Structure formats: C-alpha cells, structure tokens
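Listed in order, the protein sequences are those of chains S and L.
Residue numbers for the first sequence follow our numbering, so the first one is 16 and each next one is one higher.
Residue numbers for the second sequence follow our numbering, so the first one is 16 and each next one is one higher.
Don't read these hints as lab results, they were simulated from the structure.
One thing to keep in mind: the hints can contain errors.
Note that the list lumps identical chains together, so a pair holds whenever it fits in one copy or between two copies.
Below 25 Å or equal to it, Euclidean Cα-Cα: the simulated SDA-like pairs (lysine to any residue) are [stated by the list, open to error]: (1) 256 <-> 296; (2) 241 <-> 208; (3) 256 <-> 221; (4) 256 <-> 80; (5) 241 <-> 209; (6) 256 <-> 293; (7) 256 <-> 292.
All values reported here derive from a predicted model rather than from experimental measurement.
Protein chains: 2
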Amino acid sequence: MSDETSTPLGIDRRALARSLSQVVRASVDATLQDAEVSHSAAPRIGVTGPPGVGKSSLVARLARHRVERVAPLAVIAIDPTSPNSRGSLLGDRIRMDTVADDPRIYIRSLASGQTQDGLSDNLPEVLATIDGFGFAEIIIETVGVGQSEYAIRQLADVELLVLMPGSGDVVQAMKAGIIETADVIVVNKADLPGAEATANDLRSVLGRRRARSSPPIVLVRHDDDKGLHELSGMIDDALAKSVRSGGELERRCRFNRYRVHMLAVRRLSEVLGSLPASRFAEHPAIVYRDLLTRLIESPRGRG
Amino acid sequence: MSDETSTPLGIDRRALARSLSQVVRASVDATLQDAEVSHSAAPRIGVTGPPGVGKSSLVARLARHRVERVAPLAVIAIDPTSPNSRGSLLGDRIRMDTVADDPRIYIRSLASGQTQDGLSDNLPEVLATIDGFGFAEIIIETVGVGQSEYAIRQLADVELLVLMPGSGDVVQAMKAGIIETADVIVVNKADLPGAEATANDLRSVLGRRRARSSPPIVLVRHDDDKGLHELSGMIDDALAKSVRSGGELERRCRFNRYRVHMLAVRRLSEVLGSLPASRFAEHPAIVYRDLLTRLIESPRGRG
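Please work from the sequences and hints to get the whole structure.
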C-alpha cells in the first residue's frame, strides 16, 4: 500500500501527512514522549516579508525552479489564523496550486499560533518530522508580520526578505529591523514602477547601517525568470556560507533551543487554559507560583 | 521638590518616569516582589493597524481631542525593536511632539519584545504602575503587526483598528482576523482617494462574516476634525458598552491572566538565556525538564 502512495523519489506522502497530522494535534506531553532528534536535517530556507508582497507566488516559483536540482522538496506555509474561526485561511494556498501536482514537491500549510511569534507553535516538531522523511530542502514561508523574523532565524539556515517596489516597505522593514538580519533581499514584482529606486533605497540604507557585509539584493519580475535564477544562485551561496560558519552541532543546538522554548511556551498556555478565570482575581504573585507548580507536574505524573 | 514637577492635574511626572524606568528594567523576580494590584484602573483604548496607516499621528490627535474632557491622559506607544540595536526606534515619536508639551498628557514609549506578541513584555506592569498615578484614561498604540491584536484585547477595554484607503489593507486585516475583533474601525488618511470605497469594502466584508453586530466605521481626514470628533464619540460608546458587558472583576481577571502569562514567558526567556548553548545538544525532553526545574527555583531560593 505504501508503494502506491510513494512518489518516484521515495517519499511516502500518505505516511508523512499522517505523521504531520499527529504532530500538529499532539499535546506537549505526547510530543516530548515521542520526540526524536534527527541528525540529518535538510537545509532550510526561511521566507519573510510584509503581507501583500507576493511571498506565496515567489515561493511557488522558487520551488518549481529549485526542485529540478534539489529534490524532493518540502514547502511549509504558515497561514494567519483567524481568532474566530481558529483555522487558517486558505486564500494564499490557492496560488500554490501550480506546484501541488508535482510529485517531487510536498506542500503543507500550518496555522500560525495566536499568542506567539507569528510562526506555528509546533513548527519545530513539523520540521523534525519532515527531516525524518528524507527531503533535500525545506522552504518555510512565514506570515511575515514583524515578530516572525527573529524566530525564523533560529530555525532556518538562510533568510530571504521579500519586499516590493514603493509602498514604504523599505522604511517599515528598516523600522522592524528585519533588513539587518536577512541573507538575501528580494525586490519582488519588479515589473512594477519604482523597482530600481527601491533597490537603491535598500542599498543606501544597508550601506549606512551595517557593520558586516551587506546581503545581496535581487529584482524578481513576474514576466521573466532571470531574477529568479539569480535568486536561486544567491540562496546556494548563502547556504554554503551558513554551513561553513556554523557547523552542524551549533545548528542543532540553535534549533533545539527554539524547540524547547516553544514546548515550554505551549505547555504554559495549556496550563493557563486549564485555570478557571476566577483564579486570576488573586494576587499575581500567588497565581504565578501556582502556575509554575502546575507547569512542572506532568499530566502523566498526576494521573 | 515634587511640587515643582507635578502638573496642574497632580501627576508627578518625575516620580512616574522614575517608577516606570524601574518597572521596565526589573527582573521577573523583582516584579513579583513588588507587584501591586490596582483596583482603580483607568479605561484603556488599544490602537492597532498595519504599519504606515498613520497610527501615531491619529493617536496624537485623539489625545489632544480627548484630554479636553478626560484628563490627565497617558499614551503608551510600543515601538518596534531593532534586533541589532535592541533599542526602540524613535522616528514615530517625533510625530507626537505636538502633544508632548501638554502638561495633561503623559507619553511613554516602550520597546516591543523580540520573541513575544508585538507588545512590550512588561506592558502589564507599566499599565499597573500608571494606574497607581491616577490617570483618567490610557491610550495604547501597538506596533500593529498581526500578533498584537490578540494581546491588546486582553489588556484594553476598547480596540480601534486603523486602516487607510487602498493598499490591500482591508484584505490583509481580514486575513489576520483583526477585523473580527475591533470595536471601532478607522479609515485614516481619508483625504486620499478611495476612502469611501475602502469603507464600503469593510462594510460588505463585515456584513458577510460577522454574527454579532458590526463595529462602526469612521473616516478620519487629515484636514478636518469632523471624523475625529465622531471617532471620539464612538470610543465613548464602546467604553460604556465594555463596562456594561464585563464588569470590574471580569476585567481584572482578564488583565491578570495576561499579566501572569507574560511574567512566566519572561521568566522562561531569562532561564533559557542562562543555559549554555551546548546544553541543547541533548535530547529535547531532557533539556525541557531541566528548564522547568530551573524555572520554578526562584533566584532568591537558590542564592
């Protein structure tokens, strides 16, 4: 049966989907019980940038381009969560339809957490699971709203910042400090007017603010793949540099630090959710101590 | 000496600034030791919206307008933090210069946390401190990037969503689910073309998606205070409704739940920061357990 669902590249898509569904639903306790440490993590490309700059379309094009050399390839797309529906919105995913049929590409969308950093609360677990299935590369598309850049740096080997011509994005990216951490900056939708001016703005901002060497800037047009090829080459360079600078152990420690942090943050939310609202009428210091005590009592230990 | 620095309305600005500086720097342990529970919290107005829509200018105008009736008034402005400088950027604050000279208005800007929800990690403590100084109202301006809307609802009594004509903000706000939780929606910069169209888009989106009654929508122009007056009236209505629906105890519990949550999240970061990177080479479940054990050991208890 697994023969029927496995791709030419040996990824059992059905088994992977099943594993991921379990991982996404699992409590912190269950997650810790099953936690596996993969020692062969695929290179990870993080894609950030303000909403509306065309991240999803760019990721789809990039995946189609890179999969010719780097396969199989996984795409994780974080979707904003609506606080009412508590589900992720699928509008953006429609744009990825063009890659969904490629047996060498696996796409999974995840709902962003409500109170956290704009990534999905269980993203580290999802990545660890995907690593176990032998992918050659993973592209992670973030919601791209301010706080996710810090987190993505902990998880990804290379960070792309996607902007578009005009609309003050450069100023906003500067203000949010994103510009300082990106490995490659993409001016997307570069067929729109003002693309070169935006690139020049970026260059002058980077020239002024940066101590270390500036990231390369690339213009990607909708009607031409030249920029896309350039971008892909820059990603290869940045990945090579990242491997040289960090080393596998440093990379794993950084990843696990974030993973353990997220697990503790999730457990905190679980415990907070189990306390009745009336408890919070007490003095903060008392509730805080009670919260920590409950935090350390595993549900298993109590049951 | 305190006579010299107190305003006509009796706010000792120097003492307040001193208290806030202490609160902002304090460790979680010190914060818990000194935690006071104010039983006379001022009404809080939260202002969210995407970057670039003119939140700071609107808040300044709103403060000038409301302070004629509601004084003294405090403005807390959350600034994006640059990951390199670790300081907040002061560009936006310049626009608030016009209110900075009014002795009835106290302005304080706070740096947003790096890994959290786009608010300042110690915002609950800052609000509790301000409450102790007898303000009549507090306006909180968020960074406005996706995740802060959830948090601001826990802290504020009324939430304004600020958008501007065109630029896909409506779609993005819809996607992020912000539109569903706002009490009042402002189309700012309404002297720009497309303001009425944006308001109509909002009305049709809200008509389709909402079960409960839709929030009012108001257009605020730069060159005319009519919309601003309307907005202020809508805020009064929303505040009155909020008081009727929740009650003081429910409000305090909601505030304290968020406060305790943030304290635990901050403590988690403190402990994580104290662990050497090499610890994270171990199995996540082992590091996780160690983390929780350290979390509950107060620094005082160990010292």
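Status of each hint after checking the structure:
Taking CA atoms no more than 25 Å apart as the test, residue 256 paired with residue 296 passes between copies only; the shortest distance there is 22 Å, against 53 Å inside one copy. Taking the shortest Cα distances, residue 241 and residue 208 sit within 25 Å of each other inside one copy (18 Å), while across copies they are farther apart (36 Å). Taking the shortest Cα distances, residue 256 and residue 221 sit within 25 Å of each other inside one copy (20 Å), while across copies they are farther apart (48 Å). Taking identical chains as interchangeable, the C-alpha atoms of residue 256 and residue 80 lie at most 25 Å apart only when both belong to the same chain, with a minimum of 21 Å there against 55 Å between chains.
In this homomeric assembly, residue 241 and residue 209 come within 25 Å of each other (Cα to Cα) only inside a single copy, at 18 Å, whereas the closest approach across copies is 36 Å. Proximity of residue 256 and residue 293 under a CA criterion of 25 Å is satisfied inter-copy only: 22 Å between copies versus 53 Å inside one chain copy. Taking CA atoms no more than 25 Å apart as the test, residue 256 paired with residue 292 passes between copies only; the shortest distance there is 21 Å, against 50 Å inside one copy.
Comparing the model with each earlier hint shows no violations; every hint is respected.
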